[in-house]
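Hey, can you work out the whole structure from these sequences and the hints?
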Amino acid sequence: MTAVESETPAAAPEGTGAQRRFGGFALQEYALVIVVVLLFVVGAILKPDSFPTWDNVRNMLTQASVVGVLAMGMTFVIATSGIDLSVGSVLAAAGMFGGILVDPEGSTLVFVLGAVGFATLLGTVNAISISYGRVVPFIATLAMFSIARGIALLLNDKLPVSLLDLNGGSFGDPAVFSLLWFGTGRILGIPISVFVFLGITAGAWLLLNRTRYGRFVVAVGGNRQAAKIAGVPVRRTIFTVYVLMGVLVGIAAVLLCARLGSASPVSGNLYELDAIGAVVIGGTSLAGGRASIVGTFLGVLTFALIFSLMTQLDLSTEVQQVVKGAIVLGAVLLQRPEARL
Amino acid sequence: MSLQRLLIAMVAAVLLALGAAACGGDDDDDGGADAGETTTKESGTPASGGDKGPVTIVASVPPTDHGWLGAISKNAEEAADQYDDVDFRLLEAADSDSQAQQIEQVISDKPDALVVLPQDGEALTPVAQKAENAGIPVINVDRLFSAPDAATATILGDNYQIGVSAADYIGEELNCEGKVVEIQGLAGISVTEERSKGFTEELKKVCPDGGVEIVARQPGDFNPDTGLKVMENILQAQDQIDAVYTHDDDMAQGVVQAIRNAGREDEMFLTGVGGSEDAMAQIEEGGLYRATFLYNPSMAASAVNMARLIALGEGFEELVPPEVPRQVVVPAATVTKENVGDYQEYAFN
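Those protein sequence lines, which keep their order, are chains A and V.
So in the working numbering, spot 263 of the first sequence is number 263, and the numbers just go up one at a time.
So in the working numbering, spot 142 of the second sequence is number 142, and the numbers just go up one at a time.
I should point out that these hints are in silico values taken from the structure, not numbers from a laboratory.
Glycine residues also receive a C-beta, built at the ideal position from the N, C-alpha and C atoms.
Please note that a few of the clues may not be correct.
[What the hints assert, rightly or not] Here are the simulated DSBU-like pairs of lysine-lysine, each with C-alpha atoms no more than 30 Å apart in a straight line:
1) V/Lys197 with A/Lys324
2) V/Lys337 with V/Lys74
3) V/Lys337 with V/Lys205
4) V/Lys204 with V/Lys337
5) A/Lys324 with V/Lys179
6) A/Lys47 with V/Lys197
7) V/Lys179 with V/Lys204
8) V/Lys130 with V/Lys110
9) V/Lys337 with V/Lys179
10) V/Lys74 with A/Lys47
11) V/Lys337 with A/Lys47
[Said to hold, decoys possible] Here are some chain A residues the structure puts well away from chain V; computed CB gaps all over 12 Å:
12) Glu105
13) Phe138
14) Ala202
15) Tyr213
[What the hints assert, rightly or not] Looking from chain V toward chain A, a few residues come up when the C-beta cut is under 7 Å (computed):
16) Gly70
17) Ala187
18) Gly210
19) Glu213
20) Ala216
21) Pro224
22) Glu232
23) Asn233
24) Gln236
25) Ala237
26) Gln240
27) Gln257
28) Asn261
29) Arg264
30) Val329
31) Asn349
Rendered as structure tokens:
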């Protein structure tokens, strides 16, 4: 790995140059923390009875979990200077695939395996065309964006599939490991989907920052030629990030369907933009070579807070759009590498 | 190198084919609607294959990727299938541009009648006029053309009346006392604005002293997962909700799920719009889903029937003399537990 360090300083978490960068990173993350805290405080002032409550925090984290899981995978994809525009469509296709497997009869396990398996398959198609077929990620995943949405609509003749039977049709207290449990069940007062999201975040952090694979990912995005010379398996690294993305899309599909109690062919519309947005405001460079899981996590929280706050304040759509855009722009300005507090 | 690429392309194709085969792919005609291209759909039965059929009807609709639009094309096809003397073709177009091009082509085929649900009424008016000028009668469905000479006959639902019916129902059920949430459709389109305007204005008439307060009004984009998320947040903000007026039965399923997940289904009731099978089943069951207001995609079946009558030179028997009216407005009937039995056969899914 010393070779990588000398060839691509951007990729190495150690060394003098990297230390400065690491410091810059920390600063950016603090800046986003300020945005998150600020949004929470504003919410608490404007809606003192309903916003700063544990119930609402739980609600926001649950809502954040679907896009959050996508954003973790997207961080790896973008770190290799790639992009995945297909995640929203693949999410819908995965849910529908799992759905038809268990309609009219089946178990939660079959649904989960079906959804995750199908998303992984579509992710693998992306991976093959990008890493070995040398198709530009933007185009390959744009094609998949269309293909997967088409498949989602084809699977059940454009109709949603109800999944309530997987929970015995009951509400309130779903059985452990039933599908609804993944959406609304709790352990120690914390929703299962939040555990899944936090678990994947922790896993993603370890993978990116504490393993050789994580260094490969950043090295490939930083300078592909240099990484290749340094002995990084470039193609295999690129291949695996899109497969990983597929697996995570499948998990996100399960979390969404669990909460919705059904699989819908029109779900996941434009989720890719939320996921990419969260990654980018979190400080990961669209040019690749620089990635931050903590930043992505904070980016996801920022979006969840904005959405929750604005719906709770019952702002009109047009005002919401202006405010959301302004907050995102402000957050990005505040945490760009050049910004020093 | 090129051999390698060929190999990869083949592997990718096989994987995709596996995926498609695993879908049970019984239906292979309409998935490409997103691809930015136009797709063609033939009505399947050999009975309508032409040798018996003296009239040709072509229908042109937007991509059917939403429950209601899907039902529109199904209803049109089923209506056409009933007749041996109708040769029917359904065309889906991804956007206004390709729909206009499609209709241009159809004009040169000289069908006996053309049924059009335009993506955008304004944008497709010129090409509809062109069809009319070429002697092809145009039946305009749901979204209006902007000129009267663009269609021979028009059939449409009444979005404003939907809002009015909803306000009448909710006002009465609440005895003009309570907190109401409105989950709207897609912001900025006339369907949503009319459904909202009718509701607000009629609510003032039904409950002139106020009493019914609209505590939240947010768009759910006609989409169940957006409906779910928006309702989750509104439930956080409001500790008392008495009724929810949603703009669409499909989207309402997400709203219903949010309310159930929060365990608050006994606190409020909900209404939908459209008349889907799911909604009607839940209305019959009783409980949270109390009513829906018909915006029935069976209007597409009526449109095909009207097109056939016009093409054959016939008319509605009940009219004197029998003719096809210039405009038919489908009433926005209120479907509740009491009368759901009368409407279930017209439910769409």
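Can we confirm that no CB of chain V comes within 12 Å of the CB of A/Glu105?
Non-interface label stands for A/Glu105: nearest chain V Cβ at 15 Å, farther than 12 Å.
Measure nothing beyond the straight line between the CA atoms of A/Lys47 and V/Lys197; if it is 30 Å or shorter, mark the hint as holding.
Answer holds: A/Lys47 to V/Lys197 is near 28 Å, not above 30 Å.
Proposed interface contact between V/Asn261 and chain A, which counts if any beta carbon pair is under 7 Å
holds (5 Å)
Run the distance test for V/Lys179 versus V/Lys204: straight-line Cα separation, threshold 30 Å.
holds (14 Å)
Pairwise hint evaluation, A/Lys324 against V/Lys197, where the allowed Cα distance is 30 Å at most
Holds - the C-alpha atoms of A/Lys324 and V/Lys197 are around 26 Å apart, at most 30 Å.
With a cut-off of 30 Å on the C-alpha distance, tell me whether V/Lys74 and A/Lys47 pass.
Between V/Lys74 and A/Lys47 the Cα gap is close to 47 Å, so the pair fails against 30 Å, i.e. violated.
Restraint satisfaction for V/Glu213 [CB to CB of chain A, less than 7 Å]:
violated (12 Å)
Any CB of chain A closer than 7 Å to the CB of V/Gln257?
At about 5 Å, which falls below the 7 Å cut-off, the nearest Cβ of chain A leaves the hint on V/Gln257 intact, so it holds.
With the threshold set at 30 Å, check whether the alpha-carbon distance from V/Lys204 to V/Lys337 stays at or below it.
With Cα atoms ~26 Å apart, V/Lys204 and V/Lys337 stay inside 30 Å; holds.
Going straight from one Cα to the other, do A/Lys324 and V/Lys179 come out at no more than 30 Å?
holds (28 Å)
Holds or violated: is the Cβ of V/Ala216 closer than 7 Å to a Cβ in chain A?
holds (5 Å)
Status of the V/Pro224 interface restraint (C-beta, 7 Å, chain A):
holds (5 Å)
Of the numbered hints given earlier, the model fails hints 10, 11, 18, 19, 26, 29, 30; all others are met.
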